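Enquirer: Protein sequences, first through last, are from chains A and B. For what it's worth, the numbering used here labels the leading residue of the first sequence as 1, then goes sequentially. For what it's worth, the numbering used here labels the leading residue of the second sequence as 58, then goes sequentially.
Keep in mind the hints are simulated off the structure, nothing from the lab. Treat the hints with care, as some may be off.
Stretch-level coverage of chain B by chain A, calculated; a stretch enters the list once three of its residues show a Cβ under 8 Å from a Cβ in chain A [unchecked claim]: (1) 112-118; (2) 158-171; (3) 174-186; (4) 264-276.
Over the 12 Å line for every Cβ pair with chain A, so calculated as not near, a few chain B residues [said to hold, decoys possible]: (5) Asp59; (6) Arg60; (7) Gly66; (8) Ala121; (9) Pro197; (10) Asp198; (11) Thr203; (12) Arg223; (13) Ile224; (14) Ser227; (15) Ala249; (16) Met279.
Chain A is nowhere near these chain B residues, computed Cβ spacing over 10 Å in every case [unchecked claim]: (17) Met58; (18) Val190; (19) Arg200; (20) Ala243.
Keep in mind that this is a model prediction, so the values were computed, not measured. The beta carbon of each residue, even a glycine, is placed where N, CA and C say it ideally should be.
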Amino acid sequence: MVSIDLWMLGLGLAVVWGGLAAYLLRLGLLADQLSRQVRSLKGAVAMQRQQDLEEEG
Amino acid sequence: MDRETVKRGLTGLAAVAVLAAILVAFLVAPPPSEAFRAPNAFRLFYVHVPTAWAGYLAFFVTFAASIRYLQTRDRTLDRVAASSAEVGAVMISLALFSGMAWARAEWGVFWRWDIKLIMVLILWLTYLGYLAVRASLRDPDARARTGAVYGIVGFAAVPLSYMAGRIWVSLHPNLTGARGTGLDPALGQPLALGILAFTILYAALTIHRLDLMELSDEIDEMKARLEGS
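Could you put the whole structure together from the sequences, leaning on the hints where they help?
Expert: Set out below in structure tokens:
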């Protein structure tokens, strides 16, 4: 039978590595979400510029 | 050297250092003295102390950046303070929960209302409060100003948490205090490596979070310009 000593070592390590992995995942997802927003905003800016040029022309 | 190079270098270094620290802690470091009932769970000490240290360091960076922000109103300093606090909250959470696992093995319970543990809990709540206050404010200036004041006042929780075991009677093992618990000096080198590794990891994570915060602010500015035109 596995002792409580080993169980708690496993639990503690799982908490630490799981916590770090979760935070890295959060950073990755946030980076992905922000880069999508930047692409979409750049597209909107380009469209607006095109419209402005057409109106002027 | 540009920031991207520093970021990549720190990330690689952090991965190598943390891996090395874990290998040393499990394969090289000697077992603890017989004063400890749970010699396996004791290995958590090599991540518990470094994560706690990173949590303290992170709040110090938030504190220093907050003071500079109030002096200069430089938005970059506000971002540094906020990024550091977020990573610090993660680190102190890891220290708190790994400590609870060790306590269950060593003391038989996950939690004791011991002064050192209470002070670390207060520090954890202070971190959560800082993040909650920032998240609740939409106006960037108000968010930066309020965050800075909170970051300065809240820093008091760090020395109180660190010194609690030395000022008051506590069951928490004390590394350097007069009421030492017989920690073997041979544990010092693996511990120092762990502290170095988690310091590098803290720096790498903070710089990544800082980049994302800057990108988020740029997006807000682009949106404002689009809505204004």
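Enquirer: Each of the hints needs a verdict: does it hold here or not?
Expert: The hints, checked one at a time:
no.: 1; hint: 112-118; verdict: violated (count 0)
no.: 2; hint: 158-171; verdict: holds (count 4)
no.: 3; hint: 174-186; verdict: violated (count 0)
no.: 4; hint: 264-276; verdict: holds (count 7)
no.: 5; hint: Asp59; verdict: 18 Å, holds
no.: 6; hint: Arg60; verdict: 15 Å, holds
no.: 7; hint: Gly66; verdict: 17 Å, holds
no.: 8; hint: Ala121; verdict: 23 Å, holds
no.: 9; hint: Pro197; verdict: 16 Å, holds
no.: 10; hint: Asp198; verdict: 22 Å, holds
no.: 11; hint: Thr203; verdict: 23 Å, holds
no.: 12; hint: Arg223; verdict: 25 Å, holds
no.: 13; hint: Ile224; verdict: 27 Å, holds
no.: 14; hint: Ser227; verdict: 20 Å, holds
no.: 15; hint: Ala249; verdict: 19 Å, holds
no.: 16; hint: Met279; verdict: 5 Å, violated
no.: 17; hint: Met58; verdict: 22 Å, holds
no.: 18; hint: Val190; verdict: 20 Å, holds
no.: 19; hint: Arg200; verdict: 18 Å, holds
no.: 20; hint: Ala243; verdict: 20 Å, holds
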